[in-house]
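Undergrad: One letter stands for each residue in the lines below.
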Amino acid sequence: MHLSTPIIKVDAISKSFGAFKVLDGLSMQVMPREKLALIGPSGSGKTTILRILMTLERIDGGHIQIEGEQLYHMERNGQLLPADERHLARMRQKIGMVFQLFNLFPHKSVIDNVTLAPMLTKGTPRSAAEKRAMELLDMVGMADKAKAMPAQLSGGQKQRVAIARALALQPKIMLFDEVTSALDPELVEEVLNVLWRLCAETDMTMLLVTHEMGFAHDFADRVLFFDRGRIVEEGKPDEIFRHPKQERTQGFLKKIIAAGHRV
Amino acid sequence: MHLSTPIIKVDAISKSFGAFKVLDGLSMQVMPREKLALIGPSGSGKTTILRILMTLERIDGGHIQIEGEQLYHMERNGQLLPADERHLARMRQKIGMVFQLFNLFPHKSVIDNVTLAPMLTKGTPRSAAEKRAMELLDMVGMADKAKAMPAQLSGGQKQRVAIARALALQPKIMLFDEVTSALDPELVEEVLNVLWRLCAETDMTMLLVTHEMGFAHDFADRVLFFDRGRIVEEGKPDEIFRHPKQERTQGFLKKIIAAGHRV
Amino acid sequence: MTQWSGYFGLIVQGAIVTIELTLMGSVLALIMAFLAGLGRLSRFFLLRALATAYIEFFRGTSIFVQLFFAYFVLPLIGLELTPLQAGVLALGLNVGAYAAEVVRGAVQSIGREQHEACIALNLGRWQGLRHVILPQAFLVMLPTFGNNAIELLKATSVVSLISLADLTFQAQVVRAQTGNTMVPFATILVIYFILALLISWGVRSLERRMARGLDGVRV
Amino acid sequence: DDSKLEQLKSQGFARVAIANEPPYTAVAADGKVSGAAPDVAREIFKRLGVADIVASISEYGAMIPGLQAGRFDVVTAGLFMKPERCAAVAYSEPVLCDAEAMLVKKGNPKGFKSYEDVAKDTSATIGAPGGGTEEKLALNAGVPRERVIVVPDGQSGLKMVQDGRIDAYSLPVLSINDLMKKANDPNLEVIAPVQGAPVYCDGAAFKKGDEALRDAFDVELAKMKKSGEFAKIIEPYGFSAAAAMSTTRDKLCAAK
Amino acid sequence: MDWDWNFVWQIMPTLIQGVKITILATLLGSVLAAIVGLGIALARRSPNKALSRTVGWAAEFIRGTPLLVQLYFIFYVLPDIGILLPPLVAGVIGLGLHYGTYTAEVYRAGIENVPRGQWEAAKACNLSARQTWTHIIIPQAIPPMIPALANYFIAMFKETPLLSAITVLELMNQAKSVANTYYRYLEPITLVGAFFLAISLCSVVLLRWLERRYGKIER
Ligand SMILES: Nc1ncnc2c1ncn2[C@@H]1O[C@H](COP(=O)(O)OP(=O)(O)OP(=O)(O)O)[C@@H](O)[C@H]1O
Ligand SMILES: Nc1ncnc2c1ncn2[C@@H]1O[C@H](COP(=O)(O)OP(=O)(O)OP(=O)(O)O)[C@@H](O)[C@H]1O
Ligand SMILES: [Mg+2]
Ligand SMILES: [Mg+2]
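Chains as they are written, first to last, in the working numbering: chain F, 1 to 263; chain G, 1 to 263; chain U, 1 to 219; chain L, 1 to 256; chain H, 1 to 219.
Calculated directly from the structure, the hints in this document are not laboratory data. One or more hints might be untrue.
Stated by the list, open to error - The calculated BS3-like cross-link candidates involving lysine-lysine, where the alpha carbons are at most 27 Å apart (straight line), are:
#	chain 1	residue 1	chain 2	residue 2
1	G	Lys-255	F	Lys-35
2	L	Lys-181	L	Lys-32
3	G	Lys-145	H	Lys-123
As the list claims (entries may be wrong) - Label pairs and their calculated CB-CB ranges:
#	chain 1	residue 1	chain 2	residue 2	range
4	H	Val-31	U	Arg-208	49 to 57 Å
5	U	Leu-41	F	Glu-234	47 to 55 Å
6	H	Ser-46	U	Leu-23	34 to 42 Å
Cβ atoms here follow ideal geometry from the backbone N, Cα and C, with glycine treated the same way.
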């Protein structure tokens, strides 16, 4: 894996909200096809880094490269300028994101949710977009609900549609931000199953913020432990979960386990 | 335990919302000092039975007795009449409830939240009410935040104040409805610790709806498994969690475990 | 007494003028509402400033003053309007300013997460607005738009003061000719109320039609 | 130049401002404009080749500003000639003449005979149309501003006297008589003419600058006065043709 | 026609007389609207169906018909049944009733916006109905209402020119009377407009402050 170049390269980025520094010189690299789990206490900046990669937040300093290309900057005559909207739009084609609260479009049916972006951003004809959408809905087990409205779905079903919607744009990188934590415990499994399937059937790079430690352990190639806007520890799941080196990691895992989560 | 009389006796009650029957001839008994865990799938009626005991909903049929006295009915000349507000107010003195979303009074400080009810409903003088409130806040580990406003507290802190507030009226029965499920995973523990403490230091009867199966197992004397408004199975925690007899219970527990919860 | 039928004819003519004013004023108001409401949300300072100035000016000065201004002062600077034009202009611009704030509020009420979903799906700003935000926001606007339309209907009565023969004006005429105050005023109050009920009924059924599926029961 | 007249001819109508004050101006149940002033104007415009008049009802105070703003071509509403008004608009020769009257409660409880009487009684209030002749007469007689109530129209004035909101309501004699006739209220009484108030005459009022049109109007008016057609139109409404013919614009505009 | 500053200074004192009446009418109208609104809101919550329905329809009727016509009605028709009100009183009653139907909605929304959990927590604390209202609901319901109420009072202020139709010598009426006397509309109407705009812009600042201060309750 070390032979190839990283698909994501985050270089000493920082980000503040007002006076509050959320990310503080954070660096990380992700290899193509890698499955990464981001864990850590509440407020440690996990969501923020995903949102920055999706260009939902701007960074205050540092650089990010996606497939060797600057994300927030444009190279012009050897100079780095802030990226304009067109550059960002082009970079966003590589990235998809699934949100904790699904964020489906409530006024559009399931299939329209999935076809909207390809039709508008890529000019895919309706028939082709619908064909592809049905394949994706089939993959997430929602083909029979294609005509339903989001309000008629359970949380787990909504989340599966949201995943299909993000996949419709065929991104190379998928970001998942606590995609199960708004779900009733019995509905969590159906969504995790879809993630397993994605993992098996596609070769996307996946970044996953989660509190489901058991799933993170089984699923991820590598685990990053965040605390206060920095990566405190990283490694293979077994190392992190069974033999954490840092005190903060140990403390965090102990609390989580005490709270009843299986690792 | 079978020598004493039940403190709560629920007799064939039913409850519908519109055409939808939520509780269907439900009966159960709770002994004094018993700790009961109510588990079951979403929508099975767990919250509803607690709300009925707290008189937040009316019942459509059946009877409930608290300490041998009718809750929703008054005995007058040997006849059972619907209870009036005075009767309900008197019965409510025996019962306290803690809600999933805390429901603190946002315009009152922590200590005022706790002293309000004793001062208004029992005429406790302010000084005595505050002394007692400080003891309770101390017990839930919130004494240092007595002057804070609810908006300044984290979820776990809010929930501990809510518990103190309910205790201030010295109820004999405490109802807890998923008191940890709105909390960040790391904050769950501090609330569960308070419950452990309550269990050890008081002899209140406690009814607890929860999705924290590990906690339910360790904490409860008896577990009731709800499904579709009926009690499908009940027994000692070990029996229910390790050797469930009913198919529905087995299915439910399997799903929960798959979703990453420790039992 | 045979006169009453003739006078009732006058009232009906007045009702037609009132309805015309309400309809034309509403159309202008709707256009202004979207222009100014979206203008206030624009990234461009100039657009924002323009929209804000329009909104604050027309909400700030009374409709009454605006009408007199349009009718008596604008001709002095060479802008001559018929009473109907002056009425539609003043009513439309005035109510449009209020409705612009409704548009803005509704667009902002659509949670940030919907905007973010648009970005994550790489929709352009206009695409997101057009296909995702506005369709949802419109549903939020509708009830308030209904109220705005009723406000506009009521404000049409003020045009009687610039000699436009609307309901209120015709009631005044009937009153002067018959010497009876009670009958014409009571009649037009009822007519206004019926028109207001029609508006709210219309808006509500439109709302129901558009909301279909959005709060559907799980199936 | 005759351009204004040509313009009216080609559009086929003239826009006139009227009040809603019978018998000067009136609107029939079918919405048709009548009354002495518009009837005269309609006839004259017909002779000038302008087929019809289109009337819009206006408050007295709004007529001259409306004329200046180009809202109407001519005011035919019983707008009496007075020097200030002569300065603001171009009047035709006199059309309708009338004295002033007051409407009061039966028996004239406050004993008004003139506007000065109203001024003297410190508790008395008098109603008059805003911007109308009567308002100015009352103010000039020394009635303070706050006791001169601006009343939008005749029916409102009548009602306010009946309800005791004002002690007197002042309009020209014929207008008051018309109100009385319609109200048919035995508890009211008319004082006519008001002592010390001159007899006023109105004329058709044109915008300054439209003097050519006004002159053409005057020519036809003079012809009609001579032929007796003028009297035929206005006398059924109660106006006196002789009064209008016994004075001239120049005299009325020069009056102090 | 050109702007004449001398004329402006000449008419200023008269207009200021009008401003005083305008402000007085607004203040009295606001107090009345606040009280009437509370009455309507409580009546509509009443378990007595006949009362709540009747009040509900009456409020709908008042809200659906123009204030101008209502003012005519109060001023010219009510005396027929023996109710004779001085112009200012009639005007204040008109404003108060009309805007009372709006403030009633504010009260209703304010009360309904207190989350159900608060009622339930109050019950779980065994508070009586009265204690729940006075200690829990009202203290939480009032602050968010304040900006909305202020908004309506500002709107009412801008409708006071309608009182000129029932002979109240407020600002607009003074301006019209000035215009009638001198045959000039430009200056008086522009000044009235400027006055309303000035007050409105100040009130925008006031409103923003009220919203910041009271608009949101932190939970
Ligand atoms: N828009 C914002 N404005 C101000 N502060 C913010 C904003 N977004 C996030 N924060 C703060 O930044 C910190 C990091 O937030 P972030 O959402 O990245 O944490 P997280 O690791 O995802 O936590 P969680 O597990 O609770 O989701 C938090 O303290 C949060 O309050
Ligand atoms: N006020 C209400 N109106 C209509 N239906 C209701 C109402 N309250 C509860 N229900 C319905 O009653 C059923 C039982 O609800 P209840 O809240 O008791 O379930 P629960 O066991 O607590 O579920 P959960 O684990 O999701 O909290 C659900 O289907 C719910 O939709
Ligand atoms: Mg997060
Ligand atoms: Mg529940």
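Undergrad: For each hint, tell me whether it holds in the structure or not.
TA: Now for the hints, and whether the structure bears them out:
1. Lys-255/G - Lys-35/F: At roughly 25 Å apart (the allowed maximum being 27 Å), Lys-35/F and Lys-255/G satisfy the hint.
2. Lys-181/L - Lys-32/L: Given pair Lys-181/L, Lys-32/L holds - Cα atoms ~21 Å apart, limit 27 Å.
3. Lys-145/G - Lys-123/H: Holds, at roughly 25 Å.
4. Val-31/H - Arg-208/U: 49 to 57 Å: With a Cβ separation near 39 Å, Val-31/H and Arg-208/U fall outside 49 to 57 Å, so the hint is violated.
5. Leu-41/U - Glu-234/F: 47 to 55 Å: Since the Cβ atoms of Leu-41/U and Glu-234/F sit about 42 Å apart, the hinted range of 47 to 55 Å is violated.
6. Ser-46/H - Leu-23/U: 34 to 42 Å: At 38 Å between Cβs, range holds.
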